[in-house]
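Chain order of the listed sequences is A and B.
Residues 1 to 416 (the numbering used here) make up the first sequence, in order.
Residues 1001 to 1305 (the numbering used here) make up the second sequence, in order.
Bear in mind the hints are in silico, worked out from the structure with no lab data behind them.
Incorrect hints may appear among the rest.
Stated by the list, open to error - The calculated DSBU-like cross-link candidates involving lysine-lysine, where the alpha carbons are at most 30 Å apart (straight line), are:
hint : chain 1 : residue 1 : chain 2 : residue 2
1    : B       : K1146     : A       : K188
2    : A       : K319      : A       : K390
3    : A       : K135      : B       : K1146
4    : A       : K94       : A       : K390
5    : B       : K1131     : A       : K115
6    : A       : K186      : A       : K55
7    : A       : K319      : B       : K1131
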Amino acid sequence: MSKTSRRNFIKTAGALLGASLVMGLSSGMNSALAADTSTAAVNKTKLAVTDKTVKVGILHSATGTMAISETGSIQAEKLAIAQINAMGGILGRKIEVIQEDGASDWPTFAEKSRKLLVSDKVATVFGCWTSASRKAALPVFEKENGLLFYPTFYEGLEQSKNVFYTGQEATQQILAGLDWIAKEKKAKTYYLIGSDYIWPRTSMKIARKHIEQHLGGTVVGEEYAALGDTQFGSVINKIKLKKPDVIYAAVVGGSNVAWFKQLNAAGLNSKKQTLLTISVTEDEVLGIGGENLEGFYSAMKYFQSLKNPNNEKFVAEFKKMWGPKSVIGDVTQAAYLGPWLWKAAVERAGSFDVDKVAAALPGYELKTAPEGYVKVEKNHHLSSKLRVGKWRADGQADVVYESDLIMPDPFPKGYQ
Amino acid sequence: MFGYSMAEIGNIFVMQGFSGLSLFSVLLLMALGLAIIFGQMGVINMAHGEFMALGAYTTVLFSQLAVAFDLVNYYFVFAIIAAFIVAFVIGYLVEFGLIRHLYKRPLDTLLATWGLSLVMQQIFRSTFGAKEVSAELPAWLLGSFKPTEDIDIPINGVFVMGLAVVVTVGVLLFMFRSNWGLRVRATVQNRVMAGAVGINTKKVDRVTFALGCGIAGVAGAAFTTIASTGPTTGSLYIVDSFMVVVFGGAASVLGTIASAFGIAQAQSILQFFLTSSMGKVATLMTIVVILMMKPEGLFAAKLRK
């Protein structure tokens, strides 16, 4: 099956599936709307729900090395919750937040998850950022039957009845971006570089398969730098020798800054070299400096500069709450979706009980997302679009490409 | 050879040689302050990385001021001096408030300075925020120097190299050509005797510790040209710093220089021929093997025990 027809097939199948789900659920919802919303009715599993309030947890790293990235998610979730409360809350109840600090330490995430679920009995948790923290917390959520909204784009290969993934899984982020750069830049040779842990390694595996099997290109180098490494001299020299058409990068954290600064200092700027990265959002640009990124491309589902009314409102309110200098990256936006999706699911289920909420959410279409339209699929991931942004010196990106809606496929066949 | 022209191989050889030297100067700047404190006083300063971060944050603050007053092209030199002074003063106070009570208990200094590093990290986080920040670099530090069309020598690398030379020469002059250095060396060799001939050994300790911290501050300032600064930046550097100092032989500045050079060249060359992470692994393995055969490090000071 050719690429276009496969995508159309997926789209049609997705639409049919979604439509049938929506119909099935809306008939159930009518009765839910008529039903009473007394605490006894909406809370049969002894959650922390009273007549006036409902408790939820936020579990991110406010301290430690990941605080850099997770702060934006905390801010977005708090903004969404404040907005929901201002609209009257959920089922007539205000949301109260219990915030716990995962402290960039994976066992702490598990421990705090248990605390939130067992002692605080929160109705849902918005949290985790790195895959490692999610993997640590996952068994707790499954054992205690909690609900987690996870915001980060990640490597896929996971699906849990207790988790909704509001970021993109790897194939959603990687394939369309590579297709675009292969077509747009007529790229044949690729150099893959990432930080040395599960997300870049899984992503590069998918990227390599796609380049070699579907784009007819070659991978001329594949390289992983230790987390926190700040010396890229030798790697850059290798790249200069191999002269790839495209550098495909997934370097994270402090290394990311060093990598782009040194790339530029070595004379490899966008005039000489095409680079597509899946690990730079507006948040990272703050540290890297727009001048070091100008002209390079990022593949993300969201950019702060997206032009649509939802996003303009979101950006304005985010800045009003967290200061005019704050920026919004891909994950921050995905984190913002969490509370809204949960609200929709609770209202559809007419209940806060985890099983009912989790069953009510798939099929839901969120039309007010800053990124535009998203839909929750059966596999608990979102259908979303992929955008390629070209960075400007001021740290914002011009969106140069927007894909069709892409179905999430956390267990991609032929890519593992 | 391998399908590349001789010119290409030559260019890469030049640039690769440079990247080895540039790594050498980075490692040297990192380790020098630590070597002085560890070598001369036997104190393992786990907060060394945080003093680097302190220097880096000072530079970032200066850069923000410079942007406000439109002095971006000139501030960097002053920022380096300020980074030294700030780290020196804080180091002086830390020695006075904390370290001097623990001289006879090396394991406790380890714990205490580690605690200090956590405190400093949290202070950075509360003051400057959790996100990484970068200094606005002057135009003369950006870009590359091109002796020929195909060779790019990063200017920030040249700058760090120059600074490493200046600081190292300064330290060597201080240690071996000044009265202060004489007192420091006397105290190291025989503390009681040094006291008996009228050297204020407590003051010597304090200045030595502060000097080590000050140099860490300069290193931090220099690293803003290479990487960004976050609250936990220091912890990334501390392992490399210790590796250089231990490998070089704890009590010797020359050993530190030799060790930084050896590690940098090995790592840079291995990373070129292997992959980035395997290059690091191979370097570490070599160090482990050499340290097994020479536990005192490359240049152990000959002390009468």
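Hints, verified against the model:
{"no.": "1", "hint": "B/K1146 - A/K188", "verdict": "28 Å, holds"}
{"no.": "2", "hint": "A/K319 - A/K390", "verdict": "23 Å, holds"}
{"no.": "3", "hint": "A/K135 - B/K1146", "verdict": "48 Å, violated"}
{"no.": "4", "hint": "A/K94 - A/K390", "verdict": "41 Å, violated"}
{"no.": "5", "hint": "B/K1131 - A/K115", "verdict": "27 Å, holds"}
{"no.": "6", "hint": "A/K186 - A/K55", "verdict": "52 Å, violated"}
{"no.": "7", "hint": "A/K319 - B/K1131", "verdict": "17 Å, holds"}
Hints 3, 4, 6, counting from the list given before, are not met by this structure.
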